[in-house]
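Those protein sequences? They're chains A and B, same order as listed. Numbering follows our numbering, in which position 411 of the first sequence is assigned residue number 411; successive positions increment by one, without gaps. Numbering follows our numbering, in which position 325 of the second sequence is assigned residue number 325; successive positions increment by one, without gaps.
Some hints could be false.
Identical copies go unnamed one by one, so any copy, or any two together, can satisfy a pair.
Restricting the straight-line Cα-Cα distance to at most 25 Å, the calculated cross-link-like pairs of lysine-lysine (PhoX-like) are [what the hints assert, rightly or not]:
(1) 319 x 119
(2) 320 x 119
(3) 119 x 268
(4) 268 x 251
(5) 268 x 419
(6) 3 x 47
(7) 119 x 400
If you're looking for bench data, these hints aren't it; they were derived computationally from the structure. Keep in mind it's a predicted model, so treat the numbers as computed, not measured.
Protein chains: 2
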Amino acid sequence: MIKVGLLGCGTVGGGVIQLLRANAAYIAARVGAPIDVARVLVRDPAKERVAELDRARLTTDPEAVLGDASLDVIVEVMGGVDPARAHLTRAIEAGKQIVTANKMLLALHGSELLERSQKRGVDLAFEGAVGGGIPVIRVLRDALASDTIAGLAGIVNGTSNYILTRMRQDGLSFEAALAEAQQKGYAEADPSLDVDGGDAAHKLVVLAMLAFGARLDGVSVATEGIRGVSPIDHAFAERFGYLVKHLAIAKHRAAGLELRVHPALVAKDSPLANINGVLNAISIEGRALGPCLLSGRGAGDLPTAVSVVADLVDVAIAKKGGVAGLATRAIRLAPAILAPMGDVEARYYFRFSVYDRPGVLARITGALGERGVSIEQLVQQGRGTTDVPVDVVMLTHEAKESAVQAALTAIGASDDVAKPPRMIRVH
Amino acid sequence: MIKVGLLGCGTVGGGVIQLLRANAAYIAARVGAPIDVARVLVRDPAKERVAELDRARLTTDPEAVLGDASLDVIVEVMGGVDPARAHLTRAIEAGKQIVTANKMLLALHGSELLERSQKRGVDLAFEGAVGGGIPVIRVLRDALASDTIAGLAGIVNGTSNYILTRMRQDGLSFEAALAEAQQKGYAEADPSLDVDGGDAAHKLVVLAMLAFGARLDGVSVATEGIRGVSPIDHAFAERFGYLVKHLAIAKHRAAGLELRVHPALVAKDSPLANINGVLNAISIEGRALGPCLLSGRGAGDLPTAVSVVADLVDVAIAKKGGVAGLATRAIRLAPAILAPMGDVEARYYFRFSVYDRPGVLARITGALGERGVSIEQLVQQGRGTTDVPVDVVMLTHEAKESAVQAALTAIGASDDVAKPPRMIRVH
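If we strip away everything but chain A, and leave its shape as in the complex, we get (with noise of 0.2 Å):
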């Protein structure tokens, strides 16, 4: 027998207990045991919970989890970081194997915590963190334990796309896009954490901990969400043959890791183009393996669920093999350096607000151009006057981030544009 303490009985958590019942017979035959959730901390003990659930296991004392000495393995999905840190944290001192879904917590305190468990010898998994039901964690733990990885780039907040999406097929507004997902429930009241990239953020400091065996706990990304984006920039990307998607991006490079999370075009006919709705995808790109692309349900009960639950029988067959630790023993952590924002080199789309007068095209790409920032493609939208403006849409060639938000500071401060310029990256 194994014994479990489930830290949270959301929907996660819910979805948990759902699938060990199912799968109960199929589980216990691999593990080489059954699988018990012993205890159950909970917030309040009366709400409705999954039928599977001996109301009897519930606690709202953490000490009657963390204190049991007969449990195996935490399993922790109350998510978010005080008092998971902590918990958590008690639990590897104490020995057990451990699974958490927290992603924000593994962004800030992942690298602490997995030192942690590799110093007690038990095991850390962390599937359910990233990509819902996506088994991406597992894929760079070990499917590509004789590879390095060159980069990775993600759909990985299914709100974000959502938006993006119904904004590009059916036109929606931004703030319609985001009324209609909250409605539909694929975005929070408050959806700050989502739109505005925070969540994703989080999620790339668990991939590029992984990918690139790197220490990233609390380490700040550039980040920009998709409240910027409007349906013109949709439609002017498409005419350029690309899709503007919301990705999670990071880099091994020379100089430092590369680390971002921004809205960015993508080519139409490229595989991330085609991740639509609430799906997520991680492109993995193997120095060995070659590019990888993995894609499917970002979140949801369930979905997470199957991934907490493949840890759980992961931690478990090693406590029960007297191998645990060994897993997490191998992933290895080091300093990173990052490499500053101004360093990227990447194509770029701006749009500007253009009032037409007389030699204002040349003053503007003039302004670029003196920074080394040459354009590709050039599109003015209709005719503006010398008071009504015109957007002006360009896509550069390669050049550097510095030299970009220099050249659109000058612009913006000028008299010839009516409003900031907007500028998306071209991935």
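Chain A is already provided as a structure; the job is to place chain B on it using the hints.
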């Protein structure tokens, strides 16, 4: 020290040796012991090989490998059914951990070898057999440990996908695209196993065995290759919003397992549509997980070697931890009933080469209609005459395969058409 005997040392075997050497320290940390390729069975010891290989370990005598009691793992990358089958059977009986990348062997004798391994308490790992470096076997086996699979569909033959991609993108004929693939090394001198679908059928059997826990050794899969697809089919498919892809499809249905390999129309905005060139992709539908897509390089020495080494690391860890056989023992295999191909229900694309005679379309649609096959769209390309045929293309509503086959046979036998009708199923 984990001692390995390698059967075969072609491109994949050479890749395995390179990767083991390049990642020796990391792999040793992961396994808890270094991995040593102690014996290598080859046909020609004089042949030029990877520099990393100590030539003193080469042998042409299977006995020198299979009879070596000191070996812990046998890695089979020689290919073919005989003598690989006998070698692996012997190695299993001797209690070795097994890694193989041999899809043909597994399609014909995989269940037998798996059950033999289960009895003997050893692991049989075979990630390299399907999808090159795409970790689909691992995902089916581990990540979905708590889910059941409703179905899967894959682009699993890189040669066929390359040819179809070139035909579509540049209007090449099948013959020209095949010649180009051969010249680039993507197709064999005898391409029949690839372009006639046999290779995809082998891979499908391996995937379905694992996805559905089904004993499928030597099962007959309804298989069509891509020789019959012409550039005009690509053009019409695009007009309808589809692309032509070569798919391997497995579905779990109440009546039995549906296994089929054939060209198919795939919606342009679906994830499989953007899998171009030699890339492979497998789309899995988990009952709890929902849809999940994995894509990447389906062949090539290094991608496949990445998978073989990942398997080798897994079985070495299990050996070292004293839990050899546990992962393999969890694979459940039961007899399977195959659903007859005639029971398949799908939408269909038809292309008829029709003489433009009075009443001809009425006769064709009548032959379809009286068997319950109804037309959703119909396009006639230009005008023919009573002697010069013209292409008439149709897309049907959902229909039954047996009815479609009967109607096409009847129409093909009539004087109204110049040649047998062309049919492609819609996915």
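Each hint, compared with the structure:
Within a single copy, residue 319 and residue 119 get their C-alpha atoms as close as 16 Å, and across copies as close as 23 Å, so both meet the 25 Å cut-off. Proximity of residue 320 to residue 119 under the C-alpha cut-off of 25 Å is found in both arrangements, the shortest distances being 20 Å within a copy and 20 Å between copies. Proximity of residue 119 to residue 268 under the C-alpha cut-off of 25 Å is found in neither arrangement, the shortest distances being 47 Å within a copy and 50 Å between copies. Within a single copy, residue 268 and residue 251 get their C-alpha atoms as close as 22 Å, which meets the 25 Å cut-off; across copies the closest is 30 Å, which misses it.
Taking CA atoms no more than 25 Å apart as the test, residue 268 paired with residue 419 passes in neither setting, with 29 Å inside one copy and 37 Å between copies. For the identical chains of this complex, residue 3 and residue 47 are intra-copy neighbours only, at 24 Å inside a copy versus 55 Å across copies, given an alpha-carbon limit of 25 Å. In the homo-oligomer, the alpha carbons of residue 119 and residue 400 never lie at most 25 Å apart, since the shortest distance is 42 Å inside one protomer and 61 Å across protomers.
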